[in-house]
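So the chains spell out like this:
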Amino acid sequence: MTSNSDLYAAIRDEGINRVVKHIMRQRPSLFNYGTILVKSNPSLLCSHIDAAPGVTELITLLPRVPLLPSDATNIQELTDLGIDLSAATNLGLDFAAQLTEIQLDFHPGDVLTLPPELNPPLQPQRMAFHGKLCAGLSCIPKNLRRWFPPVVVDLGNPGMIRRSGRKLNQTLRAYQYTDSIGSDAFTSNPSIVDAPTMLSPSSTRINRTRIPNFPIFPIFPIDKLECFCLELFGIGSAQFQGQAGNQKMLLNMDGIELKDLAPVGLENSIECYMEILLERVLLPQISDVVSELAFSLHEIPPPPDTPNLGSIQISAATTAPHNPAIEDNQLKLFINLEHLTLNIPPITIGDAGSSNPPPTRITRNRTRTGPADMTAAVSEKAFQRIFGVIRDTGKFKINIAPQTLTILGVTGSASANIEFHLANGTVAFQPDGTIKIDELDIKWDKLDVTLGLNIPKICFEVPVPVPYPPFFEMVTLGCLLDENPDLSFTLHLPTGFTSEISANAGIKTYYGLGTPNEWLVYITPSRVDLDIIDIADTVGDILDTVLNAAINLLGLPSWASSVVDSIVDLVRGLLDIPDDVGEWLQNLIFDTLGIESTIESYIAIWLADSMPILTLEDPKEVMEAKGNLIPVKIPIEYLGATIDDNELTLILDVGA
Amino acid sequence: MKPYINKRILSQSTLDSGEITPMMAIMHRFTEPGTYNVTVFQGNNQTATFPLIVDENAPQTLNRIDLGAANCSCAVNPKAHTIFHAPKATTEYSVLVEKYKGTAKSKVFDSKNLQDGDVFFATLLRPGDYHASNERGAKCKITVSPLKTRRMQFTVTSQQGINRPNIKTVQVECTATGFKPENVNIQPAQPLVFMIKTPSRIKIEYKTPEKQEAKAS
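Chains as they are written, first to last, in my numbering: chain A, 1328 to 1983; chain B, 31 to 247.
No lab work stands behind these hints, which were simulated from the structure alone.
Incorrect hints may have been included.
Which residues of chain A face chain B? A partial, calculated answer using Cβ under 10 Å [stated by the list, open to error]:
id : residue
1  : MET1801
2  : LEU1807
3  : GLY1882
4  : ILE1894
Ideal placement from N, C-alpha and C gives every residue a C-beta, glycine not left out.
Put together the whole structure using the sequences plus the hints.
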């Protein structure tokens, strides 16, 4: 997949259609519009709304359609004749408009049946679009209209006094019906009937709701909308134009077809109108926006989120035969990584001995076959580049919590504070599905080891002769150190040395059970080898210096150097420190204290348990909740990752 | 936790058998069975008083009285010694022991005036020259030499056990004619044992001037 680019991404038409269906069910108000009458009585809708559980807002409220727009009524010739059309601006019809189907189909095209006007089958490198719009208008049937004389409205507007002298002051006569729209309000004070008045089908009380004020309309009693549906088909393509740094994505419309609209002239006129609108207005602007979003330098994360972690810029690969490629029922993108900088904050691997347990994880297998709904791949070369950036900018911290030591019967503790960064080394994908990291240098920036020791009691005694065996008894004359004190000192070891690490790691996906559930992708090392190279010999002096300093903190008089020396010797004896202090320290730090194995295991554990490289909630929220609108969440049926010797691949299936 | 160190041990430069502090002890044998009363003083202030029973049936073990704790209902065998010490003291103590005869008491032991048979133990840490003297004007020069090794003669008590060096004491007799020997050379923390042969109050004072000490170090 990445033979022509650094990165690859593909999305399948079925996956897009499944996502659209989820959005339509969870946010139907984006696709269904109507007036207050329709909102209060969804049975009037032209198409039943299949809403997800918990959805309460089915329809977006719109004002009634006026019989005439306000700027179409000022016809002088008619006004001269005494014909006043302005009343039409305040008369309106209830309606509903619903986008009931939206589908995409990529070449070879097995989702849609194209109308003959679009010359099926779908040509290579083409995508097809289908949308279905159902709409309805309220209209009293003719056989009922005769029972209702024309109704005029007391608008209270002096401008409505006709030239002919007739006055528009006749009150509205409300007509009550046995179905739901009658109300006492009409009979008691008809002139106050207004759009904000919502008529509850089950109540005779006025229910007012918070909706914008609409002009006052007479309400025609209706029990259905006159519905119709239109189907729109379209064919298009896309391509990237230009070289890296000056690229643009072009969207092309090859043709659209309104299915079975009569007369033909009307159909052709509307199609032409839509084509011009798309070609000349919408698609160019969409191209510009998408191009800008895709190919400019982006900060990570985008502002105003902080802190700034770096920047990234991509370009479309120009070596792929088609880019984007619309084939195999997928839209495929071939992307090159032009620029990547990272400012990674120090990564704390965590306290040794206290790593967070991973969530409950299970393995979930893929149930679908064929290409996944979404596929992404990173070439080995791009991965090496990303690895290089992380290696060159990342800093790591390991805090090893105090561990109890018992040496020669003396208890104490040891802890360590380690900081390092990485250098050199190579990373490569292996045919066995692993990533091999070789000879990666660990450059120690900080290696502080803190030792705490329970100094035993130091006392001065005198042997007192007694007449019985052993013929003397020891009597204590005084104790220099009593109360079992602790002596604590930190060795700031010089960090001019380097260690090397090699590792083999696979990639594994788990399904984590929790709140929420998550898909988790981990790098799973099978082997971590850390070679500690020699500590400098000068560390021998460090220990004596530090011990002396720690003991001098006890506040001994200047003449008491011999006392200090004795205590230092005591401590060294207690810790069994030989003459070769460097070797002792190395053994203490990396073996007895277990830092070497701790670092190895903690890198392994950190990677395998504590630091997933990718997490994806299931379901994934794509639209936030807002007011009465529930959040829109897309179920993720499967997430998988594999490595071969060319690329690292992630695949994803959207749930039904 | 900051280590606790007994700075008094390091700061005191005078040891006085009449003022019992850390780094010294006084030993006496109560030879007559009976009931005694022990009174402990800090300066002129009485701080404690308690009985001491000298009983022939008591075991013949060394009787230790820590004047800082000073709450001992002790029974001691007339053949065993009683040792008064104050290893944790922050001030000076003196001891007066009186024997009851009926309701009357007679002085038997006064730490401010040691008698024939008493023993005064002292340990010095600070290198330098000291003079030991008694009230009769006798003097004994004590030289504490710097350590030849880094290991001072202290006892280490840990969970593993007690690690005790091989402590060799230096004995000095305090007689009516003076100290024998008159010059003594010891290591820091090497105990001095003054065998009292005549009524005495022994003072050991540090004599090395600061300049000489700085030069030596």
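Verification of the hints:
no., hint, in the structure
1, MET1801, "holds, 7 Å"
2, LEU1807, "holds, 6 Å"
3, GLY1882, "holds, 7 Å"
4, ILE1894, "holds, 9 Å"
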